[in-house]
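So the chains spell out like this:
2 protein chains.
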Amino acid sequence: MSKTAKIAILGFGTVGSGTVEVFYKNKSAYEKSTGQIFDIKYILDMRDFPDSPYADKLVKDFDIIVDDPEVTVVAELIGGNTFAYDYVKRALSAGKCVVTSNKELVAAKGAELLKIAREKNVNFFFEASVGGGIPIIRPLQQCLMSDQIISIAGILNGTTNYILTKMLKEGAEFPEVLAKAQELGYAERDPEADVSGGDACCKICILASLAFGQHVYPQDVYTAGITSITKEDAEYASSWGGVIKLIASAKKLEGLPPEARRLEIIVSPMFVPFESQLSGVDDVFNAILVKGEATGEVVFYGRGAGKFPTASAVVADILNALKSRDSAKKLSWEDSGHDDYVINYKSQKHRFYLRLNNANKASVKKLFGEVNFLNRKNEPENEIAFITPEISGGELEEKCKNLKISGKMPVLEL
Amino acid sequence: MSKTAKIAILGFGTVGSGTVEVFYKNKSAYEKSTGQIFDIKYILDMRDFPDSPYADKLVKDFDIIVDDPEVTVVAELIGGNTFAYDYVKRALSAGKCVVTSNKELVAAKGAELLKIAREKNVNFFFEASVGGGIPIIRPLQQCLMSDQIISIAGILNGTTNYILTKMLKEGAEFPEVLAKAQELGYAERDPEADVSGGDACCKICILASLAFGQHVYPQDVYTAGITSITKEDAEYASSWGGVIKLIASAKKLEGLPPEARRLEIIVSPMFVPFESQLSGVDDVFNAILVKGEATGEVVFYGRGAGKFPTASAVVADILNALKSRDSAKKLSWEDSGHDDYVINYKSQKHRFYLRLNNANKASVKKLFGEVNFLNRKNEPENEIAFITPEISGGELEEKCKNLKISGKMPVLEL
Chain A
1 MSKTAKIAIL GFGTVGSGTV EVFYKNKSAY EKSTGQIFDI KYILDMRDFP
51 DSPYADKLVK DFDIIVDDPE VTVVAELIGG NTFAYDYVKR ALSAGKCVVT
101 SNKELVAAKG AELLKIAREK NVNFFFEASV GGGIPIIRPL QQCLMSDQII
151 SIAGILNGTT NYILTKMLKE GAEFPEVLAK AQELGYAERD PEADVSGGDA
201 CCKICILASL AFGQHVYPQD VYTAGITSIT KEDAEYASSW GGVIKLIASA
251 KKLEGLPPEA RRLEIIVSPM FVPFESQLSG VDDVFNAILV KGEATGEVVF
301 YGRGAGKFPT ASAVVADILN ALKSRDSAKK LSWEDSGHDD YVINYKSQKH
351 RFYLRLNNAN KASVKKLFGE VNFLNRKNEP ENEIAFITPE ISGGELEEKC
401 KNLKISGKMP VLEL
Chain B
1 MSKTAKIAIL GFGTVGSGTV EVFYKNKSAY EKSTGQIFDI KYILDMRDFP
51 DSPYADKLVK DFDIIVDDPE VTVVAELIGG NTFAYDYVKR ALSAGKCVVT
101 SNKELVAAKG AELLKIAREK NVNFFFEASV GGGIPIIRPL QQCLMSDQII
151 SIAGILNGTT NYILTKMLKE GAEFPEVLAK AQELGYAERD PEADVSGGDA
201 CCKICILASL AFGQHVYPQD VYTAGITSIT KEDAEYASSW GGVIKLIASA
251 KKLEGLPPEA RRLEIIVSPM FVPFESQLSG VDDVFNAILV KGEATGEVVF
301 YGRGAGKFPT ASAVVADILN ALKSRDSAKK LSWEDSGHDD YVINYKSQKH
351 RFYLRLNNAN KASVKKLFGE VNFLNRKNEP ENEIAFITPE ISGGELEEKC
401 KNLKISGKMP VLEL
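Chains A and B, in that order, are what the protein sequence lines are.
Letter 90 of the first sequence, counting from 1, is numbered 90 in this note's numbering, and no numbers are missing.
Letter 295 of the second sequence, counting from 1, is numbered 295 in this note's numbering, and no numbers are missing.
In isolation and in its complexed conformation, chain A is listed as follows (with noise of 0.2 Å):
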């Protein structure tokens, strides 16, 4: 048997208690499956927790943590962008490996810190960053060691997929559904970062990083939220033979060479066909549908969320990290070369759902060419609801400049 391995925990919150309780519990399978010796030696957290049985482990100050030589991994799991990237930058630079579960730090920082991590060979692993206990960050890389990625398309907020399933199913308004979710323990007292889209929109910026090798920033991903759908735009795809869901999707521009690579992201709640694997994912539920060339369509589905789910990830990425120390297999992508990596979505073309106010279908025909008029039960007569053809969101924006829109989002494409 080798030395032991020490493990620091930064955060004891949901995720920090989890992944303490996680390892514990199967420890000694970990130490018979690997022939090593683990244990967590600190647990840093701001608060006190007296009654605990890691009380001893409790630490305030992170200098203990990156100036003690024993402590080889470091689990980040505070959240956020502040401590938490001084934390991780300085365990990084200090020799240490790194795991974290934060998703925000990834798509904001990835491409530093993976550069910190490769110039001191030390692995920095996120599997819990995306899609909680669903193996997803290692598959894509598998993936891509054979194939080369075309498009990923994911349900990658369970909270938002929550509240739009029950819309549908219940025929419930968003305010009603928010307010029982938040009951439930499905939504944050301040959902802003669920419901704007915010964190899908980090999710598919880390996923499409790795896909396609360049780092994707937040800031360039064009992000709807779900606040403005009703029950009216649900029974509207209901008729149209599909689903709304929260959508967050990455493609690679065909016919491009890597080095001139450009992407179209976006996330937006879309129209999903009940043809799609996607349209069937209801609840809390997660899922990535990833399109490679020779792969054809894989999709991972499971729990995106929650204690146990995400902390069992993140042991996964300890133990990994801690199994080839020796031989950093690491993860990696590059800083974007260009600025104009993600094509603006006023440039991106979709086919859209629209539903407008004082609009007759003669001038819908007129403006759009032709579209596939929708309807719905006790649809009232000023209401027209219709699928577009494909056209850029420049150009729609444009064309809907004098419009009464009520309803509006893209298509999603099989």
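Careful: at least some of the hints might be erroneous.
SDA-like mimics (lysine to any residue), calculated; alpha carbons at most 25 Å apart, straight line [claimed, not checked]: (1) B:K291 to A:T34; (2) A:K32 to B:K346; (3) B:K291 to A:D282.
It is worth saying that the hints were derived from the structure and are not from the lab.
Quantities reported herein were computed from a predicted structural model and do not represent experimental measurements.
Position chain B against the provided structure of chain A, taking the given hints into account.
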């Protein structure tokens, strides 16, 4: 750059030629991302391919390959258990890494071959043996690193899934759908291994061996095929609230320590409720549902067969083997320690769907207790269909001794 790593391909059939094609298409990308140079040195096949661009690599004598110290990885894509077994054993014994897509071989000889690989400190990988291009073996390993697997249930055979989908959706009978599937190339001219459940059985043996740590042999697994399913059964499934799928499932008996572990494994058409993620997996697609203690349910979905999906999994294994050849990262399980590791079908408990002729509701209730009677359109007077309470396979057999059974299968429990 290190010296060129040489690969040998055994078998130049569908998967073999796909592997060569995928490899050369992406060769420069692999070399760029790994900093290694790769090439295929030999392709072994008994046939002649005078017009192939790879004609100069073709050999007929395996000795040339096994005796060539330049060859570091051998990809076995012949299939079956005769030549493939001999070649794989000799390649591993000669200190070469081996990757294979051969489910019969891994299911029959996995424990033995993994032992040789361990002794020789080389890799033996078989990602392509289950689920074609769906990454499942490594993600399962990844789940396993931090979590305990409770159960696995999958649709592991695309041919039978295509046939059952058509029977349900088009109300067609088995023989005509099989003929259509053969015409389309979805079913082999000799469909025995698919329709008997034998192919799915090999795959669940591999997954169960990996998930639960001890080898499961196909002959220990109760395996029923789909040949006796009729469209009447499909109609009853539909009225019950589900579909019929060929399910391969493995779960560990709760409450036993790892050293006394016992498994319930079965391959059988089953009634699958619409609520299950597996119910919506149609046509030639495969899906594998893994339930972990901490992770919860995770589903992997995609094309379970086909030239390029399978080839891309083979190439990923080749690259993984080359990448880690100095620090063999081994998949592993042991030979089973006790004879009764797999629980006999007669002792496994399920709820069952039964369709009887010449019975009445009163006698059924007397025999089985509280059953759930099912109906279908144009049901003949002497037909009676129902779902039994939970009952063991042996008890069911006993109770059915004097009944005229026209349909019988277990219900998949969620």
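Taking only the CA atoms, is the gap from A:K32 to B:K346 under or equal to 25 Å? violated (34 Å)
Under the criterion that the straight-line Cα-Cα distance not exceed 25 Å, is the pair B:K291, A:D282 satisfied? holds (18 Å)
Holds or violated: B:K291 and A:T34, Cα atoms, limit 25 Å. Within the cut-off at roughly 23 Å; holds.
Of the hints listed earlier, the one the structure fails to meet is number 2.
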